[in-house]
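One-letter residues, chain by chain:
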Amino acid sequence: MAAVLAFVVAWVAYKASQDPRVFVVVTLNGVTLAGLYFVVASGFTLIFGLMRVVNMAHGSLYMLAGFFAFDLQDRLTGGDATSAFGSSEAGVGDWVIPLVVASLAVGVIGLVMQQLFLRWNQGQELRQALITIAIAVIIADQALAHFGGVAQELAPPSVLPESVKLPVYGLSYPFFRIFVLLAAIAVGLVLWAVIQRTRYGMIVRAGVDDRHMVSALGINIQLVFAGAFFVGAFLAGLGGVLGGTMISVDKGNDTQYLLISLIVVIIGGMGSLGGAALGALALGLVDSFGDVYLPMGYTNYSVLLIFAMLVLVLAVRPLGLFGRPA
Amino acid sequence: MTLERALRLGPALGAVLVLVLAPLIFSDFYLSAVITKALWLGIAAVSLTFLAGYVGMVSLGQVALYGIAGFTAANLVEADGGSKVALNPWAATLLGLLAAVAVGFLLGAIASRSYGIYFLMITLASSVLVYLFFAQVTQLSGFGGVNNVDLPSVVGNPLQQPARLFYIALAVSAIVYLGLRYITRAPLGLAFQGVRDDPARMRALGYNVPLLRTVAFALGALVAGLAGVLSVWWNTRISPGSISLPQTIDLLVIAVIGGLYRLEGAWVGAVVVTVLDNWLRGVDLVGNRFNTVIGAVFLAIVLISPGGLMGIWDSLTNTLQSRFAPGSTGEEPGVIPLTQEAHPPSDRPVVP
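Going down the list, the protein sequences come from chains G and U.
Residues in the first sequence are numbered consecutively from 1, following the numbering used here.
Residues in the second sequence are numbered consecutively from 1, following the numbering used here.
Warning: the hint list may mix true and false statements.
Unchecked claim - Pair ranges (Cβ atoms, derived):
no.: 1; chain 1: G; residue 1: 312; chain 2: U; residue 2: 315; range: 56 to 62 Å
no.: 2; chain 1: U; residue 1: 87; chain 2: G; residue 2: 17; range: 41 to 47 Å
no.: 3; chain 1: U; residue 1: 85; chain 2: G; residue 2: 7; range: 29 to 35 Å
no.: 4; chain 1: U; residue 1: 175; chain 2: G; residue 2: 216; range: 53 to 59 Å
no.: 5; chain 1: U; residue 1: 316; chain 2: G; residue 2: 4; range: 52 to 58 Å
Unchecked claim - Stretches of chain U that chain G covers, calculated by requiring three or more beta carbons in the stretch to come under 8 Å of a beta carbon on chain G:
no.: 6; region: 110 to 116
no.: 7; region: 125 to 136
no.: 8; region: 292 to 302
What the hints contain is simulated information worked out from the structure, not anything from laboratory work.
No residue lacks a Cβ here, since even glycine has one placed at the ideal position from N, Cα and C.
If we strip away everything but chain U, and leave its shape as in the complex, we get (with noise of 0.2 Å):
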């Protein structure tokens, strides 16, 4: 085996060992709070990750697909507040991905034709548009939020059984990880690479721009909306506190930390993230300005490595192999978003 392999298959195998007897290792506070917490806060995160790294599409729209989602899955069953709607919970699942996917679309159609920065405002303003929607909206939640929400059997009380949610939460995670990986060397997941790259040049080839980057956001919205529904039941409630700006940036923070390039890179935001708010609140030096320190982190990472803590990963292995195996140059980070300018459409005059 290589040293090349090693770098790159050690870590993940030891990853996959830990985060399955993870139940037998972590006490069942830790477990449910800061595992299973990073394991859909990861999912949350990796729709914007695979927005940003492999369509060019920086959206900061995901918690509010993510909120409708949770809030339609919410709403339509049993629960204190919200509408009078009891569904069996697997089919108010079904409805919630459905309604995100259908939001998803409707958003995308609008913003696709808007690149880089406005497309960006565009999500922005949308997410606190549907936020102060919920907010304000007491037949679906008001402040108060959807509470006590009638989960599926399976998932059984997260309080008391917290390895089911785990499971639960892992298994989506790998789900959604395998799909987006193989979408991304799908021709499909090509042609989304393309329009990032070169929106001119695929439209020239034939290919329909708008629709593909429609496409693309209906397919982070599907993803969004798993971590919502995620949080639903683990939460067992959903409020409009937890779609408000604070958590958008929250899950930008979380995507940027572990690098908008690499689909693995949310999942390693989400535990660094939690692992910190845990440890955060138990020590007494920073008090309650546990969100100075996360602005402060977050500004360190955007200003001395945009490909966030992957990015670093990626360097210290490349220096490594590059020391000890001369020749081999190892792989080669893809796409760096945050370096580049967004690409305007050709027919626009682009400012060098």
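In isolation and in its complexed conformation, chain G is listed as follows (with noise of 0.2 Å):
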């Protein structure tokens, strides 16, 4: 294991001194990966942590917040989000507005799924991953018949720069992406600072450990449960606009970042924040490093990597690093 892990960073620490341009822009690229990776998980483990539910239409989710921003913010422009350059021509609201509708919507239809399929399953929890994924098949094919199959771009706010220059080597780099990892730490922090500092935290951790004395101690657990599962989907609503600004947003997604969240928690651990940060991170890195610094003629072959991760990790520590049993 640690000789794995040795060969790996030695490897890319030889790759990265033949050209550290190329190398400070991979990890860039993989970290801000990272962070919209991480906005997306945190959704799903919180759901996962606290009522034991692996909402397989968390990636639909994503999707659906996708392209319900785009078409709002089509309609706010009247198409001329983007200029014939390329360049972005849309104000701050039409990007901030579509941003809090399609996430706010997301996190409503969460809530809907959640009050009229899961509670009263409450506890069974093949069959509730089993409803969840019923409801992906039908988003899935619903959002095909409305939006289509083409990938679509959201235009972000014309006053963000388009790209920034780095202190290094004198490369620049695309803004958005950084502004992505900036709200990422940010909803990592606010995440953080609610669960460990405040009473609805208090009462959500105190869920994790043991529900029923939560109900016992006169809580009303199902508002909890309710009101997480809302934050849950508003998160993989929040991670769908960002990424269908900062990447794009197309039919596959759905399924995407469904591997994506399980493989971060599956590495990170269910249900622990700290766990889909470093999930994140390592699926972040190994996805952009991967691409790059395999030998030549053997990159397409990335997707054994992340495999090997999950096998290393699950070899070792089989609930995931920062997993605990239930």
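Bring the two chains, given one by one in their own frames, into a single complex with the hints.
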């Protein structure tokens, strides 16, 4: 295990020394990608940690928010969000309003899903997973019908600079990716503060450990569950809008971001916020390093790296790095 | 003959009769596009039914194992795309099955220490990774897949001689069904069911629980692999699209619609889904929104009857029996996995 890690680090260091400029950009790509992954996976792990619900429609909520936001931005700007030269023409409101509306809408969809289908199946984990899979199938098909199968890109607000100069090697880097990373850090800090420092967070933490006891102490656990599900779905939506601006939103995103959420929490440990951050960082870096630093002709095998990482972690810690028994 | 026996044997005999005479009853198109397809989908689904119903492992990785067998077999024979190796189709089939079992052992060894929902997540993630692997590695497949695969001569041309592949699929289905049925009643199968019901007690009795689960998973991989090879023969091609997440979900839908606790349910579910698929595509009512209908049916089944169609059938026959033949309670359905919590090992605290 240690030998494998040492070899990987040595290999990356050797490659980095050959072209440090590429290394800086690839690392930034990985870290900013990790930011996006963290926003999405934190919602997934929050729902799982508290309610033991594996929300298989999490990726679908991500995709829906991206499409909603794109549609709304298109209406707000009359289709002129992006100039003929590809630069953004969107005002602040043209981006912030879709962000807020789409995330809230997806949060409400998640809440309705939980109240209608999951609430009365509490404790039947597999059944709940199957229910969310059925919902994911329906959402995928309906999204294809309403939004088509074309990748769409949201325009970032034009007040943000397109790129920033990095202090090293005179490189410049897309600013919006940095913005996503900052947003992810902000989301992480807010979640951490709420969970560690507020009364609501205290109830959530107690609920993770023993929801029956919390309920017995006179707290309406159903209200806590509903709130947590809303926030979890909202975070998927937030990720969808950020990702739709940073990369694009496409019909396959539901599968893709479900997989990402799964891998992040399998590696980090289900229900752990710190684990989600670490898992997202590991996945983001492996993603971007694998595409560049695998030997020539083998870069398309990068998915094997992710699998190897999964196997290594599970071999040592079957519950993930920060996982605790349920 | 009692009512109980009639209710149990009648439909079975009818199904066997229809199946054996199917090439005379159905048109060539229907035989190939619906019946043969349902047979190999049923084999794929029964690997899940077996694991879920008899070992307590709800695996979403069966499509990946089926894909590994299919891609290995397709790559090792003469075909457009994939590797340049051109072996005898039977040798390639054997190697494909071996590859599926080998990967099944590996994946089983990793995942068998996880239970319930964790196991489901790990197998699902592995399954999507296998899909991405074949989608990205152009040396073995790439998005176009492997086409015009060389088939064993006994299969002939599946388009012009659909009856041949039909009888092969029927024979494999029968062997798989009888084989799994035998295993579930043999000591090994009883050990599997012990692991499903109470892993801690099985360990106390001296059984190696992770090994049993790994062996079961490899057995499931062999069955899934058979379906994978048959699907290659049926399509004469395989592409990453045929092992993607929607396909995983389709298989789960089939197994759940059929009922996750009776082996025959897998084929029942497969027939229902392929007939619905074929019928809905011809009807303008839902247009192209076939998946919405399937999703809604799946949702309804999961919500209403966790035992699936076989569960509905069993409760119907039980009602009939208690109405017409008081005293005989009939065969109680075995285990309905969906309503059960997966059992975590006892060294972990259990939330009641």
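Outcome of the hint check:
1. G:312 - U:315: 56 to 62 Å: At roughly 47 Å between Cβ atoms, residue 315 of chain U and residue 312 of chain G fall outside 56 to 62 Å, so the hint is violated.
2. U:87 - G:17: 41 to 47 Å: Holds, at about 45 Å.
3. U:85 - G:7: 29 to 35 Å: holds (31 Å)
4. U:175 - G:216: 53 to 59 Å: holds (54 Å)
5. U:316 - G:4: 52 to 58 Å: holds (56 Å)
6. 110 to 116: holds (count 5)
7. 125 to 136: Held - the region 125 to 136 of chain U has 7 residues with a Cβ nearer than 8 Å to chain G, which meets the minimum of three.
8. 292 to 302: holds (count 7)
Hint compliance for this structure: hint 1 is the single one not met.
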